[in-house]
Amino acid sequence: MTADDLRETSAALAGRALELPELGQAGTVAAYVSVGSEPGTRALLDALHARGVRVLLPALLPDNDLDWGPYEGEASLARVQHGGRMALFEPAGERLGPDAVTTADAVLLPGLAVDARGMRLGRGGGSYDRVLARLERAGAHPALVVLLYDAEVVGHVPEEQHDRPVHAVVTPSGVRRFVREP
1 MTADDLRETS AALAGRALEL PELGQAGTVA AYVSVGSEPG TRALLDALHA
51 RGVRVLLPAL LPDNDLDWGP YEGEASLARV QHGGRMALFE PAGERLGPDA
101 VTTADAVLLP GLAVDARGMR LGRGGGSYDR VLARLERAGA HPALVVLLYD
151 AEVVGHVPEE QHDRPVHAVV TPSGVRRFVR EP
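First residue of the sequence shown: 1, per my numbering; consecutive thereafter.
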């Protein structure tokens with residue numbers, strides 16, 4: 001994709017995501033700053049922040065768990081290189097601890113794909129598997145939303161016992177919700 005394509009896709013993704021009642025009514029949203037070829041999140045982060053939503057962003061810990069800090073605009077981000085892996089944009093200020101995510105009304109998750117059941121395929125580091133397990137242990141039930149390109153919504157992804165389905169996937173062309181079994 002060209003730089004213009006990425007900007008247009010980011011704007012479309014933000015628009016679709018902001019239409020979600022789960023984000024429109026949220027006081028706190030745990031999100032992330034996209035990197036590389038991931039669908040862009042900056043427009044969405046800025047729109048949520050402008051609405052007065054408390055936005056929490058992850059900071060990768062040495063054990064691949066995630067700490068959280070507030071997003072206060074682009075100036076509140078620091079580019080952090082994690083060893084030989086890609087650099088991430090993380091909150092530069094105060095750290096709130098790994099349990100801060102349990103206060104979120106919605107959690108935006110990165111992924112490589114989501115299937116027809118709402119199962120998310122991550123990058124394999126386990127950071128967000130830990131987040132989902134932490135939410136479950138705390139009895140927290142935020143809306144779980146994955147941001148993807150249209151072609152990344154697929155028929156089936158591999159699933160492991162610890163994997164949990166998400167509630168919705170947002171792509172530049174729309175939103176798809178997944179039915180929960182009781």
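Honestly, I wouldn't trust all of these hints.
[Unchecked claim] Cβ pair distances, simulated, as ranges: (1) 25 x 46: 30 to 40 Å; (2) 173 x 25: 17 to 27 Å; (3) 3 x 151: 14 to 24 Å; (4) 175 x 141: 17 to 27 Å; (5) 63 x 2: 22 to 32 Å; (6) 97 x 2: 32 to 42 Å; (7) 73 x 162: 13 to 23 Å; (8) 75 x 117: 32 to 42 Å; (9) 35 x 93: 35 to 45 Å.
These are computed hints drawn from the structure, not numbers from a lab. Where is the CB? At the ideal position from N, CA and C, for every residue including glycine.
If you check each hint against the structure, which ones fail? Result: hints 1, 5, 7 and 9 break, sorted rising.
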